[in-house]
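Please take these sequences and the hints and turn them into a complete structure.
Chains as they are written, first to last, in the numbering used here: chain A, 1 to 219; chain B, 1 to 219; chain C, 1 to 219; chain D, 1 to 219; chain E, 1 to 219; chain F, 1 to 219.
Calculated from the structure, these hints are not laboratory results.
Hints should not be assumed to be uniformly reliable.
Put simply, identical chains are the same to the list, so a pair is met inside one copy or across any two.
[As the list claims (entries may be wrong)] DSS-like mimics (lysine-lysine), calculated; alpha carbons at most 25 Å apart, straight line:
{"hint": "1", "residue 1": "K78", "residue 2": "K160"}
{"hint": "2", "residue 1": "K56", "residue 2": "K160"}
{"hint": "3", "residue 1": "K61", "residue 2": "K160"}
{"hint": "4", "residue 1": "K98", "residue 2": "K160"}
{"hint": "5", "residue 1": "K98", "residue 2": "K56"}
6 protein chains.
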Amino acid sequence: MAKKASKSNVLAYAPKGSGGAKGMPGSGVPRQDDARVMALDLPAGTLSPAMEAYFKKCEEKLGFVPNVLLAYAFDNAKLEAFAAFYNDLMLAPSGLSKLEREMIAVAVSSQNRCYYCLTAHGAAVRTYSGDPALGELMAMNYRAARLTKKQRAMLDFAVKMTNESFAIEEQDRDALRRVGFSDRDIFDIAAVAGFFNMSNRVASATDMRPNAVYHGQGR
Amino acid sequence: MAKKASKSNVLAYAPKGSGGAKGMPGSGVPRQDDARVMALDLPAGTLSPAMEAYFKKCEEKLGFVPNVLLAYAFDNAKLEAFAAFYNDLMLAPSGLSKLEREMIAVAVSSQNRCYYCLTAHGAAVRTYSGDPALGELMAMNYRAARLTKKQRAMLDFAVKMTNESFAIEEQDRDALRRVGFSDRDIFDIAAVAGFFNMSNRVASATDMRPNAVYHGQGR
Amino acid sequence: MAKKASKSNVLAYAPKGSGGAKGMPGSGVPRQDDARVMALDLPAGTLSPAMEAYFKKCEEKLGFVPNVLLAYAFDNAKLEAFAAFYNDLMLAPSGLSKLEREMIAVAVSSQNRCYYCLTAHGAAVRTYSGDPALGELMAMNYRAARLTKKQRAMLDFAVKMTNESFAIEEQDRDALRRVGFSDRDIFDIAAVAGFFNMSNRVASATDMRPNAVYHGQGR
Amino acid sequence: MAKKASKSNVLAYAPKGSGGAKGMPGSGVPRQDDARVMALDLPAGTLSPAMEAYFKKCEEKLGFVPNVLLAYAFDNAKLEAFAAFYNDLMLAPSGLSKLEREMIAVAVSSQNRCYYCLTAHGAAVRTYSGDPALGELMAMNYRAARLTKKQRAMLDFAVKMTNESFAIEEQDRDALRRVGFSDRDIFDIAAVAGFFNMSNRVASATDMRPNAVYHGQGR
Amino acid sequence: MAKKASKSNVLAYAPKGSGGAKGMPGSGVPRQDDARVMALDLPAGTLSPAMEAYFKKCEEKLGFVPNVLLAYAFDNAKLEAFAAFYNDLMLAPSGLSKLEREMIAVAVSSQNRCYYCLTAHGAAVRTYSGDPALGELMAMNYRAARLTKKQRAMLDFAVKMTNESFAIEEQDRDALRRVGFSDRDIFDIAAVAGFFNMSNRVASATDMRPNAVYHGQGR
Amino acid sequence: MAKKASKSNVLAYAPKGSGGAKGMPGSGVPRQDDARVMALDLPAGTLSPAMEAYFKKCEEKLGFVPNVLLAYAFDNAKLEAFAAFYNDLMLAPSGLSKLEREMIAVAVSSQNRCYYCLTAHGAAVRTYSGDPALGELMAMNYRAARLTKKQRAMLDFAVKMTNESFAIEEQDRDALRRVGFSDRDIFDIAAVAGFFNMSNRVASATDMRPNAVYHGQGR
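Below, the structure is given as structure tokens:
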């Protein structure tokens with residue numbers, strides 16, 4: 001049986017204890033961890049049982065539902081299509097590890113300066129790698145990171161796709177093949193880099209806000 | 001019962017009569033309508049009955065299977081996720097007409113200079129509008145087109161999302177609201193513009209080639 | 001004996017049968033093939049007998065006078081200087097074929113997103129080559145075209161001239177020499193690429209509109 | 001009495017407990033918190049008593065000497081000039097609070113993608129404001145932050161100075177005056193934004209590495 | 001009767017007294033005033049009597065033949081077309097003064113960083129205006145110059161044409177009309193700005209060198 | 001004993017004889033050599049005896065006090081910090097000659113289009129080198145200059161630092177080492193290029209105006 005996703009997408013996860021925090025008194029800068037999910041005011045849609053179960057699973061395993069899912073919850077069909085697409089991309093078997101896919105996500109999001117994705121996926125890089133500095137480097141400047149040649153080639157391709165996709169040619173694919181990526185791996189790199197070029201833009205266009213809990217993860 | 005999608009993704013739709021065309025003898029420029037689907041060599045996957053039926057429907061209604069679908073056919077799960085996402089986006093009910101969604105697709109693809117998408121969706125704009133010049137303008141420079149204020153605002157937002165999504169703020173959304181778009185319409189504009197920023201990049205990264213038949217449609 | 005060029009430059013060639021076309025009823029997008037030549041309202045000048053004869057020749061051979069010539073017709077001296085410069089550039093004997101000069105014209109115009117020049121010279125590439133896809137590729141992304149090494153080097157030079165002429169150095173000229181261009185050929189490549197960087201800008205600055213007939217040529 | 005600054009600038013502060021950390025076993029990504037100060041190998045200079053005392057004070061108050069100071073320690077005169085300039089800029093009385101000066105530092109460093117400065121000054125923003133999200137927003141995309149009009153105008157000016165200083169004109173200064181900044185405040189904004197455009201570049205040019213301890217501060 | 005233009009385009013005007021100058025001994029930087037006209041080695045063509053007379057007139061009135069004319073002298077037809085086009089543009093009656101046309105020339109050439117045109121036309125601005133600083137400002141940053149509103153609008157239009165001609169629209173033309181330019185004036189602004197976008201690129205593509213005498217003119 | 005630096009920073013050096021110059025009568029362009037030091041109105045500070053002596057020395061050796069020093073004179077501490085930093089950078093012993101440091105200054109300032117620095121340091125390049133054309137080339141397009149390989153590599157590094165410092169990596173430093181620069185030289189190149197990226201921006205942000213006398217130096 002389907003049910004409404006909370007009341008509206010403007011109600012979102014409230015990180016424990018954030019309510020009372022006020023910053024240094026007198027700093028004059030508003031607190032940043034407001035609770036809106038996005039700047040568009042869309043009435044909550046009716047979730048299918050599958051999506052209802054999915055949200056419950058998020059709460060159980062993560063402790064919260066990622067705001068991007070709440071943002072799509074105004075329309076169950078769009079939510080399902082997004083979740084299916086995303087989960088295949090980031091979690092299905094691939095020649096790329098989950099960490100590598102998250103590294104692409106953050107390096108791409110850095111080019112597009114997407115607050116939502118840098119925050120959520122930066123946390124994933126820190127958590128998967130156990131190395132806080134790696135998450136920072138992906139968000140700040142991947143070129144300054146200590147990487148294997150293969151990882152560096154992967155990120156160079158993803159960033160070139162982001163900044164001048166029209167200039168990608170066979171020699172760029174060959175550079176990936178030379179360091180050991182298969183054609184299937186190349187597809188996966190392209191798919192992940194492509195996806196975050198979409199997701200970054202939708203998040204910025206709607207001012208999607210990351211769950212505040214991400215900021216502290218993996219530090 | 002599932003079956004293999006032809007032999008491999010390197011076999012694609014051959015436009016009628018293109019085989020014999022040779023261009024002006026002695027021009028010294030190779031013919032451009034080669035038959036590869038993309039630059040990655042991925043063995044054809046096994047299609048689910050649903051996808052098999054979908055391809056058959058494409059052949060019946062369009063006369064061909066769009067190469068982008070053949071490109072994803074190496075992995076049925078990815079194909080299904082892509083097709084579901086795409087069809088919801090471009091064909092589901094929306095405050096934006098199908099023509100308007102295609103106009104966004106082409107204006108975005110023009111910024112990213114994506115040969116595949118400009119060709120396939122340029123054809124769609126020409127066909128939906130019955131106006132060949134409109135298709136050309138979306139691909140060449142949407143600012144030179146004669147548009148209503150509402151259409152222009154829609155494309156300005158989509159192009160800003162494409163070129164500097166990090167700079168989109170509330171006043172950009174308000175500009176859409178002022179010309180009559182609802183918050184739901186804004187989501188749909190963002191979703192379509194976002195999608196082609198993904199699709200353009202995957203197509204360029206894999207050198208996806210449009211079915212040659214698109215070139216002549218709607219002229 | 002000299003005579004006035006029609007009444008004003010705002011009267012232009014009307015493509016046969018375009019008058020009645022209305023697009024798909026209800027698309028809500030204005031038709032694009034309006035008949036203004038440009039956005040500046042300049043009274044028609046008095047044509048010299050030579051220019052009068054030139055316009056007549058255009059009508060006989062092409063079926064129309066290209067709008068760019070009508071745009072300059074407010075001042076016979078400017079029209080003559082422009083026509084002489086253009087005809088030497090694009091039609092005089094050269095190591096570059098007419099098709100190659102048109103390919104440069106379109107690749108440059110694509111960088112500058114010039115509606116007039118992409119339309120008029122895109123038609124020329126399609127017609128000279130007998131290959132519609134080649135015209136589209138020059139307008140959309142020349143890097144995606146199948147070209148000989150020599151043609152590719154020629155376009156790379158023309159596009160670098162367009163986007164960062166200040167960075168052209170001896171090694172760029174040497175790259176052309178290595179694939180077989182003479183110093184005279186290099187001058188001609190530079191002259192054609194330079195010219196369209198002028199012409200694109202004058203066309204955009206004055207909102208020059210291409211004759212509608214170009215859209216269908218060479219399809 | 002002067003003494004040598006450790007043995008060489010390649011010996012730097014080792015964050016407690018970082019030595020043993022290895023990241024998730026099998027992630028295949030090298031740990032990022034190496035201990036080099038910068039990529040240039042410069043023999044340590046002889047510190048003046050004043051600089052010796054300054055380093056000691058850093059150790060006492062911060063628990064470490066910031067790597068940027070170690071980087072300059074190859075030449076006592078340069079170190080003194082840098083420290084004097086920096087301390088006047090960031091710590092002397094000003095109409096701008098220390099937090100505001102750090103916000104400028106991070107917003108500018110984000111444009112220049114400087115790993116050192118984003119890390120060190122991002123920590124300062126988090127610490128001064130008591131708001132971890134504010135530090136992240138300055139580093140990721142200041143436009144997404146919730147700011148007062150005055151703070152926003154200050155950062156817009158600093159970022160325009162960073163990206164197109166040649167385009168700053170009287171109306172830009174007037175925009176600052178209108179929200180309440182004095183001419184002296186404008187000088188200070190310009191001085192801080194200018195300084196980090198220097199410091200970001202020197203840090204990137206020499207691959208200066210931030211003390212690892214910064215990553216965890218103010219979280 | 002026609003005659004050869006000196007021996008080759010590699011022989012050019014030698015500024016008086018430059019031969020002996022050697023720069024500060026030991027500076028280690030080569031002298032910059034070499035005598036090549038351009039980097040392409042093209043045999044001198046046969047000048048028509050009209051062009052021969054034109055060169056003679058240059059020598060008499062200026063004391064030298066501008067190198068750009070020597071560069072085109074390999075082909076009399078091209079030289080004539082260029083000279084006719086140029087002289088109509090810069091010297092024919094116009095609502096723009098000769099100084100204003102030269103100001104456009106230099107502001108455009110500054111965007112394209114063209115050494116030849118900045119040198120030759122910077123000299124013209126200094127000479128026509130009697131104000132050396134004005135010539136420097138056009139070459140360095142026209143926005144820093146003290147200009148009338150009308151002159152500023154003219155240069156803003158020319159520079160927008162140079163940097164993003166595709167974005168010029170009716171409101172840009174209206175901005176010119178509002179400060180008092182006629183449609184004919186707008187055409188002339190566009191024509192001059194367009195021309196130097198050609199000429200800058202041909203000069204950079206061929207490494208055309210300015211006559212050394214220009215450096216000292218109007219100081 | 002300390003004393004006030006003139007009355008205010010809006011009083012500056014008046015170049016001999018510039019007062020009467022009016023430009024060509026009727027040119028319609030205002031004279032450019034106004035006497036304001038910068039666009040911010042800051043009351044003159046009290047100079048320390050050291051700075052008073054420094055200004056006196058400037059007057060004796062140069063004939064004027066550079067306007068940048070007058071601009072900082074509103075605050076003696078800032079003036080002293082700036083002067084100490086600057087003098088160490090540009091005048092202290094270094095593997096780079098003073099001319100080379102000035103060449104970096106001008107090439108960087110050209111990227112940032114800084115009127116003040118191009119004027120003041122362009123004069124220094126002309127004077128140190130004895131070659132007016134070299135000063136012009138650094139300001140217009142350093143790539144067009146005739147340089148030794150070492151000088152070219154130095155400027156390439158400085159300009160890359162200016163335009164995309166985030167992309168500098170070990171291979172860029174190695175390119176400097178290969179042509180003979182030591183690690184200490186690389187630091188000095190970085191320091192000078194970094195400094196002018198600060199100084200250019202402060203000058204543009206405050207509309208600092210160069211002393212008019214610079215225009216004629218070293219011609």
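Now the hints, each set against the structure:
no., hint, verdict
1, K78 - K160, "between (29 Å within a copy, 23 Å between copies)"
2, K56 - K160, "neither (38 Å within a copy, 36 Å between copies)"
3, K61 - K160, "neither (35 Å within a copy, 37 Å between copies)"
4, K98 - K160, "within (21 Å within a copy, 31 Å between copies)"
5, K98 - K56, "within (23 Å within a copy, 35 Å between copies)"
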